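Colleague: Below are the chains, spelled out letter by letter.
Number of protein chains: 4
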Amino acid sequence: MSVPAKEQFSQNLMVSDTKQDTASEKIPVIARPFVSEKALKYLDIVEKFVEEECIPADPIYAQQIGDGVQARFTAHPPLMEELKKRAKELGLWNMFLPKNHFKEGAGFSNLEYGLMAEYLGKSHVASEATNCSAPDTGNMEVIAKYGTEAQKKQWLQPLLEGKIRSAFLMTEPDIASSDATNIQLRMHKEGNEWVLNGSKWWSSGTGDPRCNVYITMGKSDPNNPSPYKQQSVILVPADTPGITIHRMLSVYGYDDAPHGHGHVSFNNVRVPESCMVLGPGKGFEIIQGRLGPGRIHHAMRSIGAAEKALEYFLARINDPRKKPFGKQLYEQGVMLERVARSRIEIDAARLLVLNAAIKIDQKDAKHALKEIAEAKVLVPTMALTVIDRAVQAYGGAGVSQDTPLAEMWAHGRTMRIVDGPDEVHLVQLGRNENKRGKFLLERIQWQKKKGEEYAKRHGMTPKDVLALGRTGEQKAKL
Amino acid sequence: MSVPAKEQFSQNLMVSDTKQDTASEKIPVIARPFVSEKALKYLDIVEKFVEEECIPADPIYAQQIGDGVQARFTAHPPLMEELKKRAKELGLWNMFLPKNHFKEGAGFSNLEYGLMAEYLGKSHVASEATNCSAPDTGNMEVIAKYGTEAQKKQWLQPLLEGKIRSAFLMTEPDIASSDATNIQLRMHKEGNEWVLNGSKWWSSGTGDPRCNVYITMGKSDPNNPSPYKQQSVILVPADTPGITIHRMLSVYGYDDAPHGHGHVSFNNVRVPESCMVLGPGKGFEIIQGRLGPGRIHHAMRSIGAAEKALEYFLARINDPRKKPFGKQLYEQGVMLERVARSRIEIDAARLLVLNAAIKIDQKDAKHALKEIAEAKVLVPTMALTVIDRAVQAYGGAGVSQDTPLAEMWAHGRTMRIVDGPDEVHLVQLGRNENKRGKFLLERIQWQKKKGEEYAKRHGMTPKDVLALGRTGEQKAKL
Amino acid sequence: MSVPAKEQFSQNLMVSDTKQDTASEKIPVIARPFVSEKALKYLDIVEKFVEEECIPADPIYAQQIGDGVQARFTAHPPLMEELKKRAKELGLWNMFLPKNHFKEGAGFSNLEYGLMAEYLGKSHVASEATNCSAPDTGNMEVIAKYGTEAQKKQWLQPLLEGKIRSAFLMTEPDIASSDATNIQLRMHKEGNEWVLNGSKWWSSGTGDPRCNVYITMGKSDPNNPSPYKQQSVILVPADTPGITIHRMLSVYGYDDAPHGHGHVSFNNVRVPESCMVLGPGKGFEIIQGRLGPGRIHHAMRSIGAAEKALEYFLARINDPRKKPFGKQLYEQGVMLERVARSRIEIDAARLLVLNAAIKIDQKDAKHALKEIAEAKVLVPTMALTVIDRAVQAYGGAGVSQDTPLAEMWAHGRTMRIVDGPDEVHLVQLGRNENKRGKFLLERIQWQKKKGEEYAKRHGMTPKDVLALGRTGEQKAKL
Amino acid sequence: MSVPAKEQFSQNLMVSDTKQDTASEKIPVIARPFVSEKALKYLDIVEKFVEEECIPADPIYAQQIGDGVQARFTAHPPLMEELKKRAKELGLWNMFLPKNHFKEGAGFSNLEYGLMAEYLGKSHVASEATNCSAPDTGNMEVIAKYGTEAQKKQWLQPLLEGKIRSAFLMTEPDIASSDATNIQLRMHKEGNEWVLNGSKWWSSGTGDPRCNVYITMGKSDPNNPSPYKQQSVILVPADTPGITIHRMLSVYGYDDAPHGHGHVSFNNVRVPESCMVLGPGKGFEIIQGRLGPGRIHHAMRSIGAAEKALEYFLARINDPRKKPFGKQLYEQGVMLERVARSRIEIDAARLLVLNAAIKIDQKDAKHALKEIAEAKVLVPTMALTVIDRAVQAYGGAGVSQDTPLAEMWAHGRTMRIVDGPDEVHLVQLGRNENKRGKFLLERIQWQKKKGEEYAKRHGMTPKDVLALGRTGEQKAKL
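Residue numbers (my numbering), protein chains in the order written: chain A, 679 to 1156; chain B, 679 to 1156; chain C, 679 to 1156; chain D, 679 to 1156.
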């Protein structure tokens, strides 16, 4: 069976329905002016690759990972390399690197890649197959932006080629990592080496046998008066002695092998000072630049997951084998209402993300902090809601391995936590809005005064519509 | 006190805050390409007019309406005419008529007017002051589009000039009006007159003494085999004998005087056949064309109401007089979170409406049914949520006449009902999505089969990750 | 038409349905042991009185209040006196005074009266008709508990007889009243008189021409080091010179005439020191005792409102005249789901209130603070949700005067604010729970340690299920 | 370390807090009259056993299950037998069998066991350790109630002794199992044997090597005119040839080993006719009796899970190591509000379940269908909400194996599906309520008529408060 053309695809299946819109045709009209012809073309190629090559591969990839902890975290499924080869042939490689800042990527804007990321989010394997998967994407951005030529040669080049993988080690088990100033992995200088001691967890990607470098954040200058200058970021080869991956963390029972989320300790881990990124004390500067586009990627993949869940939902309620109480599910009132709500919520959330992506494209992520935070908060909760509705329509199949829904939900749930929990972003958004408070209070007071002038001009005394004006003496006569 | 310039305004008030963005600066970046320079300029004029002239006038206008049912429904507050004069001077008149279909308007697109409607929605008087208030807007569209020259001269001209007002009589008390085929006001022909008998309610605007014409939908051909061809729309002068406005309906206690919502009976009401619009049996055609842009107007005004509620919310939590338990409200955690959620929800909903407006602009409302329905459902619930949060922050002042919040909420609540309740739109959206169901079911099956080919190529037998393969015989040995 | 017996009632109406359960039959089984035979009997009498005499009277009472502010706030509808006479005949009078603390009432427990209050909450007039309406109930409790004999003779006696009405003046417009220590109406002593200066609002009941006494809270000792001893409560005759009711406040668009919510000023209002309740500085003690049972009353009336809304909902979806798209509403999926959710939510909330009432009965309100707060928070939001669902099923009729729903909603909305907004109660509940935090943290740690002992006994080393144990050196070999 | 007494326990830990209420002290006052002295005593023993012996054992038990599919589904952790021994010593064995129907149990009512089940729900191992775990509980009830003496001897006796385990095979993969009439596993008679052919899934417990009997529902009489008489239930020994457990189903990422959820096929599986339960065609009768108390057990265990999640939540926000932005989490506003809402929602839901249990105790489950359905729907959604709040407070630890939260959530999610999805119960509840619709519509109409009599007696014509009465002729003069 060769990869069918869209038309063949439909024909083969004798799909009774009318033609389905392609990815480029589905772009919201409001976003169209921002999408180049080239991006339109590649967007459709991405969709076709995901639907016809990646999604079918997902269960086989899962099978190639195997059984048992040790096996699963040394697995390197051959199917992945096959898909990567195919993706390169199609020109789908490193699309995430925004054209206005990096020459190394495929030449798309954040918005354009965002539209593609939606489709990548529909398959477990698609992001890695196109070399667009986290945390490599953000890591490549960091090294491309801040790395020395030597660092680029050693790590960026093989990452761009998809030959190795990487991890970003920030979160720690013993503190509240949502506030990065709390980070306490100790980095001190001995000679021309940095010596690292401490613990990290949620070190995503460390399970992969091909993960060769850990971009590690630690405290190099704990006494610096500015809490934002105590941190540094350093590149640590994964095979450095003193590192131990104690265990992998699960996400609602999923181990996400071989990628995984490691709990790692550093015991006198020594790296040469040439591994330092940008310079000591620059940790915050580096991580802040890193997070903007990554949040757009995550958000758009979540949009894609929500769309896929809705597709599964629709498939289920039209499954002729599933007729409780003599009617198919789509004939049962609540189902179509849930479908409709899902449609609305996905579409609204997508627009919020696209708007944020455009704002980043126009300048940079710093400029779009509000818009990014809005998308960061809204999208995961929306996606979880939509996925959960699909789960409920499937019943047992929904919570099990027989649909991708349960795993998508578990992954989606972490999106309310990674890169800062909802609460942190909400407080920041709230504080930002609150800056207007004083002005608004004063304007309302001004408007009231202005109203009194209107009244005067109209020969009126301002009076409440329910004015009563009853004194104690008048009351006595009632 | 003259109308202050934006700068003066801030100066006068000694607002400590930094400069506030103007309306044109606040347009989401994703919508910018669709807004002309002219619209940007007028948008700022609208904002200024609303904030500095209309909102201050709201309470005085309310006072001029007076006390007692008879007084309130004969009121014609002089302040309104003053504001209309001022609006005309500023060039703010009939902005609602989209430039691509009508020559009579101010020359804006649906999107551009939508952006303005957001600001009109912040004041009770602003829409009427700029001759952009429902139901006149939709009625003018109907007559402009379908009316004869005589009808235009008699009714459209004075409506465009703001000299008279109009009502649209569709809803009836004894049926389920959410399904317009149920409408049963009887229209029969006697000679060259149509004779009308029946009842209407929620005849909004009939209370206004200046409301001179009722655009009335009735059943002229009850035996037509198509339920969509039984209805006609006819122009009925408000002073025709046989009409009685029995009473006005309240909305959560508000009578909305002088506009009001009438409960009206028709008892042998005779109108010449020249009053028929488009021709007998064309009722559905007329109302379907009427509703698209109107829903955008309503939605954007609701967005404006939500923004105003958020402004009041912010003013309250920064009011130094309100310090429960020793802290201002903004210092109390839940408040900023609610502010932030409101910010996100408003911004997402606005993008959905703007996208729908653009889609209408690109062709027509029919083309944008899905997008309009999405906005129709999402916006009112969002606005009610945001307003209600502000009410709660104000406590007693929030539910009373001391803030505009309670009345905005009551009005907003009707938005989940007028032009079809949420449920009707959700079912239509759901059915529309459901058309994809069969295709998706087949695609999922195809993807599964395709996966089997991958497995084959990799020399594998497809197997579940939790494959057990235990027979009864094996069980016996456990 | 005489008042029909339950059986006749059904017969007259040719109700096709099977017999309906009476109020006493509907008591949840878990609450039965707490209800006396006498209460069972009177509960059914209350239900019959409400359904067959009060609810039919509601619209006529509304009509007798009249039109225009001045008329409405001097109204004393004769129908009310007729109903009060009838209620006394039936023995339904002052049921609210709990038998374990007061001899003046009808001899019921808080639980038993709570069950009755649910039915009173279904009619606008029923509470007053049975002399069980706020704020008189709480005021009578205050005077009965803390008043001198003279105070009792002057005010309690006529209140118990329903000859006069009363108001409780606590909330003030210029402060955050949710924190009562903020109250600042000034009370100072001149000779043997107290002189009052300040403003009050939300002075509910002050609109009624029969409201003769204001139980007023003010600050008599602003310099007392304890913020809980600065306040006093004093009885102020409504006709005392220096008092002005400036205006009445609306609740959404309702003025709640003749009762009403006054905005009142005190300008050198002089009252003899014999009017002081309990003694200067005792304000907090008095108001704290006042609020427990009152919250149960409010909550149970809200439960009744929710039940009534559900009844209206059910009536609507079975109305044969309302058939959108060819089907009655009950046949349309979402409706029955909403009915079912309403049923569940009402029943759960009711149990919470009944449990709180029993806890008060077992000792006093102080003892049941947690349970009362739980009911105070849960019930109004539940009732608003249920009412709003019914509104939506009715469409236009739901928001208007044609059903009691809109007014019930507006009233219900204030229940999230009066006697302290939700947020205050939630914080108190949260703090109370949080006291367990330390213990729980330690117990979890203890349990972990204990687990290590189990492991030891089983010859195991505690190990994570996803233990990996991969060192840098091992990684080098992968 | 020996098992500490409650007092020692606190002492050892130097818990600074005041004494914690025991389980019996925490029973809601409204439920107290229904709890015997014996149950109070055993309830405290259950709590102590769970907190001090079971919860500490949970992680060790998990470790004893091992790694890899084959290992995990042949595991029989020795720790479980140790705990069972201990439970028997404490008298905690078979508490689930209600005393009014079975002599074989520990002598408690459904309510009393329900209270205990809450505590069992806090530990993974506690239900099995006390021989109170599903599906054995329901299966034992079935055999005890409907089984022959031979069946009881063969299966009930060892089940009661905890020597074997059992499964209930009802759900099928190819149909909508939420409607049990769809079940199609074929049972036909050959000689004195029944021959079974078909597929089952979600056959919970089949993974356990000790699971020796499958209580299987199938279609024995497909042509019976009553769809409720086509089904039979038969006891199938797990080692019967022709049975294959193909694979185990996961719940989110959990395999629930060794218990598990099997996907099983029957290929000419032959069982003697003596295995039939109650008789051919009695399948529905059997399953209907089975589900009532089981739903109470599930619900109360879910209440316990929610309480445990709240405890973890409280522990977390008081953990001194977790201080984002310089404050502990409990000091950050939203956290205490979420704690408070959780407290309220748990308490309300518990009362609903207890009320249902009492209603079952008073007669039987059939009598309490409404109450059981209410609990079935409300509790899982409540528990999921509470657990999810705790997850969010923990961040990464919340979704991983480091807290019990993620696994509790996954298990809780299935509770919205097992024994019928929410939607089925909601429709049944809705239909049940809807029976009142006609009566209520007629009563509302009667009440309106009755009001007209009041008006007449008071010399009034019923008139709307917003009566206008304006004719076309009057309009002409405005």
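Hints are supplied without guarantee of correctness; some may be wrong.
Pairs involving identical chains hold if they fit within one copy or between any two copies, as the list cannot separate such chains.
Claimed, not checked - Pairs of lysine-lysine, DSBU-like flavour, derived with a Cα cap of 35 Å:
(1) K1141 - K960
(2) K1126 - K831
(3) K777 - K716
(4) K719 - K1155
(5) K1155 - K1001
(6) K716 - K1041
(7) K1128 - K830
(8) K763 - K1155
(9) K1044 - K716
(10) K831 - K1128
(11) K960 - K1153
(12) K867 - K1116
(13) K1134 - K867
(14) K1001 - K1127
(15) K1041 - K777
(16) K777 - K1116
Keep in mind that the hints were calculated from the coordinates and are not lab data.
None of the values given here were measured: they were computed from a predicted structure.
Colleague: Decide, hint by hint, whether the structure agrees.
Modeller: Hints versus structure:
Taking the shortest Cα distances, K1141 and K960 never come within 35 Å of each other, neither inside one copy (62 Å) nor across copies (37 Å). For the homomeric pair K1126 and K831, neither the shortest alpha-carbon distance inside one copy (66 Å) nor that between copies (41 Å) is at most 35 Å. In the homo-oligomer, the alpha carbons of K777 and K716 lie at most 35 Å apart both inside one protomer (13 Å) and across protomers (33 Å), since each shortest distance falls under that limit. Taking CA atoms no more than 35 Å apart as the test, K719 paired with K1155 passes in neither setting, with 85 Å inside one copy and 43 Å between copies.
Taking the closest pair of Cα atoms, K1155 and K1001 never come within 35 Å of each other, the shortest separation being 74 Å inside a single copy and 40 Å across copies. For the homomeric pair K716 and K1041, the shortest alpha-carbon distances inside one copy (21 Å) and between copies (26 Å) are both at most 35 Å. Taking identical chains as interchangeable, the C-alpha atoms of K1128 and K830 are never at most 35 Å apart, the minima being 63 Å within one chain and 39 Å between chains. In this assembly of identical chains, K763 and K1155 lie within 35 Å of each other by CA distance solely across copies; the values are 26 Å between and 96 Å within a copy.
In this assembly of identical chains, K1044 and K716 lie within 35 Å of each other by CA distance both inside one copy and across copies; the values are 27 Å within and 30 Å between. In the homo-oligomer, the alpha carbons of K831 and K1128 never lie at most 35 Å apart, since the shortest distance is 67 Å inside one protomer and 39 Å across protomers. Taking the shortest alpha-carbon separations for K960 and K1153, only the inter-copy value of 29 Å comes in at or below 35 Å, while the best intra-copy value is 74 Å. In this assembly of identical chains, K867 and K1116 lie within 35 Å of each other by CA distance neither inside one copy nor across copies; the values are 49 Å within and 39 Å between.
Within a single copy, K1134 and K867 get their C-alpha atoms no closer than 76 Å, and across copies no closer than 41 Å, so neither meets the 35 Å cut-off. In this homomeric assembly, K1001 and K1127 come within 35 Å of each other (Cα to Cα) only across copies, at 24 Å, whereas the closest approach inside a single copy is 66 Å. Taking identical chains as interchangeable, the C-alpha atoms of K1041 and K777 lie at most 35 Å apart whether they share a chain (12 Å) or sit on different chains (33 Å). Proximity of K777 and K1116 under a CA criterion of 35 Å is satisfied in neither setting, with 41 Å inside one chain copy and 39 Å between copies.
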